[in-house]
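Taken in order, these protein sequences are the chains called U and E. The opening residue of the first sequence carries number 975 in our numbering; numbering runs sequentially from there. The opening residue of the second sequence carries number 17 in our numbering; numbering runs sequentially from there.
I should point out that these hints are in silico values taken from the structure, not numbers from a laboratory. Beta carbons are placed, not taken as given, at the ideal position from N, Cα and C, and that holds for glycine. Be aware that a few hints might be false.
As the list claims (entries may be wrong) - To be clear about the criterion: a stretch of chain E counts as covered by chain U if any three or more of its residues have a C-beta under 8 Å from a C-beta of chain U, and this derived list gives those stretches:
#	segment
1	26-32
2	52-59
3	108-120
Said to hold, decoys possible - With beta-carbon atoms standing in for the labels, derived distance ranges:
#	chain 1	residue 1	chain 2	residue 2	range
4	U	Q1083	E	R94	33 to 39 Å
5	U	Q1043	E	G115	16 to 22 Å
6	E	G101	U	L1020	28 to 34 Å
7	U	P1067	E	G44	17 to 23 Å
8	E	G101	U	Q1005	28 to 34 Å
The chain contents come next:
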Amino acid sequence: RKEVEQDPGPFNVPEGATVAFNCTYSNSASQSFFWYRQDCRKEPKLLMSVYSSGNEDGRFTAQLNRASQYISLLIRDSKLSDSATYLCVVSRPLDNTDKLIFGTGTRLQVFP
Amino acid sequence: NAGVMQNPRHLVRRRGQEARLRCSPVKGHSHVYWYRQLPEEGLKFMVYLQKENIIDESGMPKERFSAEFPKEGPSILRIQQVVRGDSAAYFCASSPGQGETQYFGPGTRLLVL
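Build the full structure now, drawing on both the sequences and the hints.
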């Protein structure tokens, strides 16, 4: 079983739609949580960190449920430029290893 | 400010040759990480280094792969006697300290013929 699981998609949505991605992680010792975005054949770029209280950055809202080991990302008012693969990422820096553990990603395609 | 730089961006090798991938971290960053992304798969951690030290190499294959981050110069990921299964995108990331945000370079795409 993968340590971080995501629905691979693709999610095909029209411009202006609201879309939600979910992710589960299996290691309860995970301490830090992130959403990264990866465009085709490019490097991953940090979209946002995810905090227990939930956090919002413009059209993006991230939520963390530690009890259920579940992370979500909500994108409101989708733009064509949101088309990308969204990577759910966890890490355990207090274990003295800083490695990021990636899900395989959820592909989003926004169409006009 | 220059971000993480990797070179070469594309590398073609024949089976049995050596591949050397270089990573220059963001100026002032002393922590470097290497990840590999196989076609149609997620990124997988390989190794975490600080200057002159390997901190975590739990993701590195036991044979043929090595990494270093010398006091001066870029970090090097070295793959000896490459095989077709080594074909992948290799990403380097750097951060200023443990637990800090990792910034990724553009990657080196290795193709083994």
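So, going through the hints one by one against the coordinates:
Counting residues of the segment 26-32 of chain E whose C-beta lies closer than 8 Å to any C-beta of chain U gives 0; at least three are required, and the coverage claim is violated. Chain U is given as covering the segment 52-59 of chain E, and this holds because 3 residues of the stretch bring a CB closer than 8 Å to a CB of that chain, at least three being needed. Given as covered by chain U, the segment 108-120 of chain E passes the check, having 8 residues with a CB less than 8 Å from a CB of that chain where 3 are the minimum. At roughly 38 Å, the beta carbons of U:Q1083 and E:R94 sit within the given window of 33 to 39 Å.
Distance hint check: the CB atoms of U:Q1043 and E:G115 are about 20 Å apart, consistent with the given range 16 to 22 Å. At roughly 29 Å, the beta-carbon separation of E:G101 and U:L1020 lies within the given 28 to 34 Å, and the hint holds. Checked against the hint of 17 to 23 Å, the C-beta distance between U:P1067 and E:G44 comes to roughly 19 Å, which is consistent with it. Checked against the hint of 28 to 34 Å, the pair E:G101 and U:Q1005 passes, with Cβ atoms roughly 33 Å apart.
Against the hints set out earlier in the document, a violation occurs for number 1 only.
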